[in-house]
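J.: This is what each chain is made of:
There are 2 protein chains.
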Amino acid sequence: MSSLDPESWCRTNVRIVVKAQPVDVKRVRLNREVICGAAADLLAETDAATFSLRALGERLGVDATAFYRHFADKDDLLRELGDRSLAPATRGFKATDDPRDDIRRMCTGLRRTLLSNQVGLSITSLGPTRRTNELQITEVLLDALMRAGLDTDRAAMVYHVFIEYTVGSAALDAPLAAIGAQRSATYRQWRADYQKLAPNDYPAISATFRSLYPSSDLVFEEGLEALIGALVPKPASRRARTRAAPNR
Amino acid sequence: MSSLDPESWCRTNVRIVVKAQPVDVKRVRLNREVICGAAADLLAETDAATFSLRALGERLGVDATAFYRHFADKDDLLRELGDRSLAPATRGFKATDDPRDDIRRMCTGLRRTLLSNQVGLSITSLGPTRRTNELQITEVLLDALMRAGLDTDRAAMVYHVFIEYTVGSAALDAPLAAIGAQRSATYRQWRADYQKLAPNDYPAISATFRSLYPSSDLVFEEGLEALIGALVPKPASRRARTRAAPNR
DNA sequence: ACCTGAACACCGTTCAAGT
DNA sequence: ACCTGAACACCGTTCAAGT
Chain A
100 MSSLDPESWC
110 RTNVRIVVKA
120 QPVDVKRVRL
130 NREVICGAAA
140 DLLAETDAAT
150 FSLRALGERL
160 GVDATAFYRH
170 FADKDDLLRE
180 LGDRSLAPAT
190 RGFKATDDPR
200 DDIRRMCTGL
210 RRTLLSNQVG
220 LSITSLGPTR
230 RTNELQITEV
240 LLDALMRAGL
250 DTDRAAMVYH
260 VFIEYTVGSA
270 ALDAPLAAIG
280 AQRSATYRQW
290 RADYQKLAPN
300 DYPAISATFR
310 SLYPSSDLVF
320 EEGLEALIGA
330 LVPKPASRRA
340 RTRAAPNR
Chain V
100 MSSLDPESWC
110 RTNVRIVVKA
120 QPVDVKRVRL
130 NREVICGAAA
140 DLLAETDAAT
150 FSLRALGERL
160 GVDATAFYRH
170 FADKDDLLRE
180 LGDRSLAPAT
190 RGFKATDDPR
200 DDIRRMCTGL
210 RRTLLSNQVG
220 LSITSLGPTR
230 RTNELQITEV
240 LLDALMRAGL
250 DTDRAAMVYH
260 VFIEYTVGSA
270 ALDAPLAAIG
280 AQRSATYRQW
290 RADYQKLAPN
300 DYPAISATFR
310 SLYPSSDLVF
320 EEGLEALIGA
330 LVPKPASRRA
340 RTRAAPNR
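Sequence lines, in order, name chains A and V. If you use the numbering used here, the first sequence corresponds to residues 100 to 347, in order. If you use the numbering used here, the second sequence corresponds to residues 100 to 347, in order.
Since the hints were derived computationally from the structure, they do not count as laboratory data. Note that the structure is predicted; figures quoted are calculated from it, not measured. Cβ coordinates follow ideal geometry from the N, Cα and C atoms, glycine included. Every clue listed holds true.
Only pairs whose alpha carbons sit at most 27 Å apart, straight line, appear in this in silico DSS-like list of lysine-lysine:
#1 V:K193 x V:K333
#2 V:K295 x A:K193
#3 A:K333 x A:K193
#4 A:K333 x V:K333
#5 V:K173 x A:K173
#6 A:K295 x V:K193
Some chain A residues flagged as far from chain V (calculated, every beta-carbon gap over 10 Å):
#7 Y167
#8 A171
#9 T189
#10 S215
A few chain V residues that don't get close to chain A, going by computed Cβ distances all over 10 Å:
#11 D140
#12 E144
#13 F150
#14 A165
#15 A171
#16 P187
#17 R190
#18 K193
#19 T195
#20 R199
#21 T212
#22 S215
#23 N216
#24 G279
Work out the full structure, taking the sequences as your base and the hints as a guide.
T.: Written as structure tokens, this is what we have:
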């Protein structure tokens with residue numbers, strides 16, 4: 100039963116007893132690509148918290164420590180996976196002549212991407228990866244802000260506001276996105292807890308508890324529109340736009 | 100040297116060799132209060148990642164597993180500590196007749212509190228604690244939004260926007276807040292990495308890298324003002340205000 | 001009633017040895 | 001050159017036994 104049973108040590112690797120070489124296994128040469136693929140599969144099946152190098156080794160039919168021939172450590176792997184996981188946010192993105200809409204689409208897509216594959220979120224503690232996909236997101240946002248007429252200082256400042264809001268709200272929403280269908284039951288439980296409070300102690304909560312925890316997508320959009328409206332100037336006149344950086 | 104040396108097993112507990120009872124130790128009766136105190140001290144000294152129940156037991160001069168007599172599990176402890184850590188955000192808070200300013204002060208104070216003691220952030224994955232301090236923050240914000248004239252649906256929606264922005268941006272900033280003085284060196288390194296990019300591939304980044312990573316306090320304030328301006332109506336006339344819920 | 005300590009089922013990582 | 005496997009130094013948690 101236990102995953103440490105002698106039987107299950109090499110689940111993917113049909114071994115013949117007594118030290119025979121593995122048979123019926125196409126022993127792939129290990130490399131970063133192969134390891135990333137298996138790790139991404141594993142992370143998609145289970146949550147990031149239960150992902151371990153031992154499970155990764157088992158999946159690859161290889162001793163867990165063979166990993167260290169190809170990556171410095173677990174962080175190194177996670178950074179690589181984190182940046183790869185951002186690919187859907189940049190793939191096929193096309194800037195238009197409406198910087199506000201470019202920012203809206205990029206932030207919405209980035210949030211969706213982060214929530215659907217939480218590796219990118221689980222490594223926020225390691226700082227920006229500064230690898231290809233993340234750089235492209237940064238480029239798109241800064242470009243849009245400058246086309247909207249912001250100078251470099253303002254563009255950088257406002258860029259950080261959008262990143263903090265988008266990634267931050269995804270980070271808060273991630274645990275609930277992970278449990279999927281149980282989300283609405285969880286919300287119902289939380290609302291029920293608020294309902295039990297003494298109205299004299301918490302009049303505002305008691306008046307509003309029925310409306311708490313609306314769709315997190317709607318909450319995000321509400322804040323995003325507010326930020327765009329307040330921080331990104333409306334498209335300049337055609338005259339002014341031709342002076343700005345050309346659309347990439 | 101190793102923390103598993105026989106010598107160091109009971110660092111806080113001066114034992115006489117060969118099974119003698121501990122001497123010179125005022126053996127405090129364990130309870131939630133005592134455990135929370137020791138755990139808070141431990142978390143203040145080291146980072147949340149290295150905090151373990153074994154270290155907690157050692158600090159208390161008690162076997163690590165005695166803990167389970169008083170808490171269901173580690174999450175139970177962390178929830179308790181998380182809510183206690185929010186106390187500075189509510190202590191002494193006074194609502195005024197300017198709901199916008201109440202929201203500004205509460206969000207700014209909440210962010211500062213979360214960053215100075217990161218336990219509250221480390222448990223965001225467990226959902227809202229719905230314990231006393233967190234409830235008070237919720238009450239203050241909802242009350243301010245309704246005094247500003249929002250109906251219950253809008254107040255709840257906008258409340259969530261402010262919480263996502265405030266807690267989310269604190270969560271992103273936390274790792275850097277933890278390294279303290281090394282923050283500016285880290286920012287310099289990141290800017291240098293952006294500077295190395297080919298300007299043809301990343302024209303917007305190359306134009307703005309010098310302005311990236313301004314003070315995270317300023318970034319937060321920038322977004323907070325934008326959200327307040329866009330989502331919270333200016334104080335109503337005196338006539339309208341007297342109809343709203345009284346100041347608590 | 002409360003705490004101990006052995007034990008279980010795990011982690012990430014290092015390193016000498018094997019092929 | 002690359003992988004193995006024992007080992008190290010840890011985790012959180014359970015439970016029978018002690019006081």
